[in-house]
Amino acid sequence: MILVLIDHDRGVIDPLSLRALTAARKLGHDIEAAVIGSDGASLAAITGEYGAKVLHVAAHAALTDYTPMASGRALKDLVEKLKPAAVLAAGSPRGNEQLAHLAAFLDIPMAAECSEITLGAPHHVLRARWAGNLIESANVHSDLLVATIVSFSIEPEAVQGAAASIAQFEPDLQPADTVVKILSRDSGETKGGVTLNDAKVIVSGGRGVGGPEGFGNLEELAALLGGTVGCSRVVTSSGWRPHAEQVGQTGTKVAPDLYIAAGISGAMQHIAGMKNSKTIVVINTDPEAPILRYADYAIIGDLHQVIPALTSAIRQAKG
Amino acid sequence: MDVLVCLKRVPLAGGTLILTPDSRDIETKHLGFGISPHEENAVEAGVQLVEQMGGTLTLLTLGPSDAEEQLRSQLAIGATRAVLIETDGQEWDPQGTAAALVDAITAEETKFDLIIFGAESADSAGYQIHIRVAHALGRPIVTNVKSMKIENGIANCERVVSTGREHYEAPLPAIVTVRDGLNIPRYPSVPGRMQARKKIVDMKKAEPRVPKLEKVTLALAPSKDKGAEILGKGADAVPALVDVLKQIGAF
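So the sequence lines, in the order shown, correspond to chains H and E. Here the first sequence is numbered in this note's numbering, starting from 1 and rising by one per residue. Here the second sequence is numbered in this note's numbering, starting from 1 and rising by one per residue.
Isolated chain E, as found in the complex (with noise of 0.2 Å):
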């Protein structure tokens, strides 16, 4: 079984975010990076099918060269070996970034049985990069997979929605795109780490094309304060709730 899983380097926000100068993109200057929930649970699942079935497990990427340490901190999870396309450093929107996921899946020499994608990414909220690669290699794609079980040629998937649970089944070659709640990552082990050094990472080119989506400016949202009414500490409050919740009809 030959699993690829594709990741994202991401800056990892906490509360709040800042902008750049020029409003195009978030200030990271203070930020480290990592890669989104999704995407720890999509490389788990490939160590795992690895693991059961035998096989190799390739990292995919496209980001600045500094996205090696995404990949070497994913490779040190379990992975064989990575691929990482150096772009400018500038966000590629949706089209160009498929389609040079598309150009280095296609070279790779491995016809990779499973595709994994995280669900959404955690800055960008395309919601199509995985669908449109699924089009371009002619593969079906299940998406949103919180459960999933390889049998026979096929991938057997849940999604979980909140009336409960839906199956699907996309017979390999397959995609699909997985959410956190999967399974648990684990984290590197020491000698995990080491080898993970010794690891071969491939640099690609792709040349930019012109964004179809082209983002001009970034701004943030407006979060104004609602300035909550505080009704009270603790159970003393209760009286002050119960009133509120008559008012707007809560019962």
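Chain H with its partners taken away, still in its complex shape (with noise of 0.2 Å):
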């Protein structure tokens, strides 16, 4: 049996989980889930729907947030009642941050950001190394494979399977596992509405845009096109923009319909965030960027007249 740990937000899916569960069940064992917090439980019918046979609920007084020391404490229980072959999730800074948990109490390696999984002894794995530009093939020994998914290496797939049968359980949380957890929340710079993660339409801009005023074109055209604006990290590092729109390794990494770019050359740590979207344009005056080769359409230009153009010729189109 293959346990995957499906990551939510007080109830509400980080759909990169569904990936983690496609790809626990291309290894051909049986699948099933586990969530950390009572609030998981709603997740029975799309975990069952991606292949999950039972959800195992950690429920505790002291799990109502994300608490990622208890979360590992939590897997741990499971793993020595259940004895999986392998504990997988998402290669998101928390699935990351909740398996290093496990894997730390458990004193066993963790092989993160894996493209491919060999069950075995030892087990086998590809990674992503480099912000995605290397790949390492690894050994893996130890009786259990704790490895989380490299972000959209593979696409999620649902095999119309019956709601996910709930075995709620009390993890044997210490005092040590709850010190750490999210206190409060705030919306920080983010004007709300759409968010990086769940953008269908990410227009976003670099150096090239030249200072904060210029984001409003990029604005208007992303809110044109029901999306939102992201950005390189020298425009966070320089101030025009809020880190909340970074796009990248050291950002938020995303894989929207469409992703235009404009005014990015196509820094590796960039590209590592923005690769996995389905249609990527250009729009930059050099036509030696490095971003063109991942693009799929480009005009070679200076933003500032391209996109205002762009603007009014779709909201013409639209009528």
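FYI, nobody ran anything at the bench for these hints, they're computed from the structure. Misleading hints may appear alongside valid ones.
[What the hints assert, rightly or not] Think about it this way: if two alpha-carbon atoms lie no more than 16 Å apart in a straight line, the pair counts; the simulated EDC-like pairs of lysine to aspartate or glutamate are:
1. E:LYS226 with H:ASP296
2. E:LYS215 with H:GLU116
3. H:LYS278 with E:GLU229
4. E:LYS226 with H:GLU288
5. H:LYS318 with E:ASP243
6. H:LYS181 with E:GLU169
7. E:LYS224 with H:ASP296
8. E:LYS198 with E:GLU68
9. E:LYS233 with H:ASP286
10. E:LYS246 with H:ASP257
11. E:LYS233 with H:ASP302
12. E:LYS233 with H:GLU288
13. E:LYS212 with H:ASP107
14. E:LYS246 with H:ASP296
None of the values given here were measured: they were computed from a predicted structure.
These two chains come separately, so use the hints to put the complex back together.
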């Protein structure tokens, strides 16, 4: 049996977890899923649809929000009871963090950011390094494989399974496990609405935008397409845009239907965060910009002319 | 306030990576070395804390003896002293690295109030060393911190996610991993560089362990040119792009 951690935010599933479930199914074992916190029990239907037979729900009065060390403890309790062959999760910051706690509790190796897994003795994995530019072939010497699945390496595939049956348990939490948890949230500098993670369209700007005022045009285009604005690292480190909008290895990894990269040359770490987008359109004055290698369509030109022209043309076409 | 910052020497690869003939490592003959961007923020945070609250800032790394170069350049920013755990030049797996760091930390006379790591290394992307160190030392850990204040013995931390900010607290002694954007790392001053030459770098040895996450080979990720269709130049190309966007159902 393979156990998959389904990450969720107060009952709302992280869609990357469905990709991890799909990756687990390819290994030809029974699949069971685990959620941390009783509000995750609402995910029985969707985890079943993606192939999990059982949904283990770690329920405890202290588990009302993200508490990474407690997640590790709960998974450890499950592993000792269920003896799975592997524990997998999405290679998101939270997926990596929670499984690292599990691996630390058990003092066994963890293979992060895997694109391929072969169970055996030793287990074998291919994993992404250097912002996805290198693939490491590695052996994992441990009975239990703890691994995360690199974002967007696999498309989520439903199997139309029945809802997973719920198996609730109370993890044996120690005081230290619940010291670090989310105490509060605020929307920060984000304006609410569509976030990078769920946007179907992202209009992203880089150094070529020239300054904070230049993003007005990008915002207008993004709004017209029902999307949101993203940016490269130089933009946030120059203070032109909030950090929550940064796309890349050091920001958010995204894979929208349409990614428009305006004035972004394409540093390795930016490419790592957007190369899995379905359609990539590049607007750049430099016909040699590295990002062109990843583009489906490109306009060579100044974004300050192209973007406003595009916005008004789309407005016209929409009528 | 005594702060420890953990660093890693990494090659400064530009656009393209080249592998060594045995495909076990990146060819670094023509590359410079540095530390990850997140780690520059970690050092800056440590320097600022010591400036505000007094105390010491110690740097710790595990790597080849050449990593002294990275320690010296960060000592020039304002750290007090540094410790280098010298390896055979091979890459150690995360468990072996974490164990050696823990041994070095517990051997120190100073009981560090705060240990800071960069959120991820540029090269290995293991996402675990900091957590293993926290478990071994029995300390709370907050990861991916973009804003931090130390008040009344508590590290108040914020993480930035796509929906906004999350707040965490960790009572000291604690561990945090920080991200690019936490602060603006300063450049070393000329006097800072002069002083750094005289600062102490303690060299330690540690025995490598048999890796449990065992690297076999590296390969370059396939990055074939998608062969972008160039729709034209400047605003004249906009109608062609509108057609494309219509086709893919963008509006």
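A quick look at each hint next to the structure:
1. E:LYS226 with H:ASP296: Roughly 6 Å between the alpha carbons, so the hint for E:LYS226 and H:ASP296 holds.
2. E:LYS215 with H:GLU116: Measuring from Cα to Cα gives roughly 15 Å; hence the hint holds.
3. H:LYS278 with E:GLU229: Since the Cα atoms of H:LYS278 and E:GLU229 sit roughly 15 Å apart, the hinted pair holds (cutoff 16 Å).
4. E:LYS226 with H:GLU288: Holds, at about 14 Å.
5. H:LYS318 with E:ASP243: Holds, at roughly 12 Å.
6. H:LYS181 with E:GLU169: holds (8 Å)
7. E:LYS224 with H:ASP296: holds (12 Å)
8. E:LYS198 with E:GLU68: Status holds; Cα separation ~13 Å.
9. E:LYS233 with H:ASP286: holds (11 Å)
10. E:LYS246 with H:ASP257: Given that 16 Å is the threshold and the Cα spacing comes to 13 Å, the pair holds.
11. E:LYS233 with H:ASP302: holds (9 Å)
12. E:LYS233 with H:GLU288: holds (14 Å)
13. E:LYS212 with H:ASP107: Holds. E:LYS212 to H:ASP107 sits at ~10 Å (cutoff 16 Å).
14. E:LYS246 with H:ASP296: Between E:LYS246 and H:ASP296 the Cα gap is close to 15 Å, so the pair holds against 16 Å.
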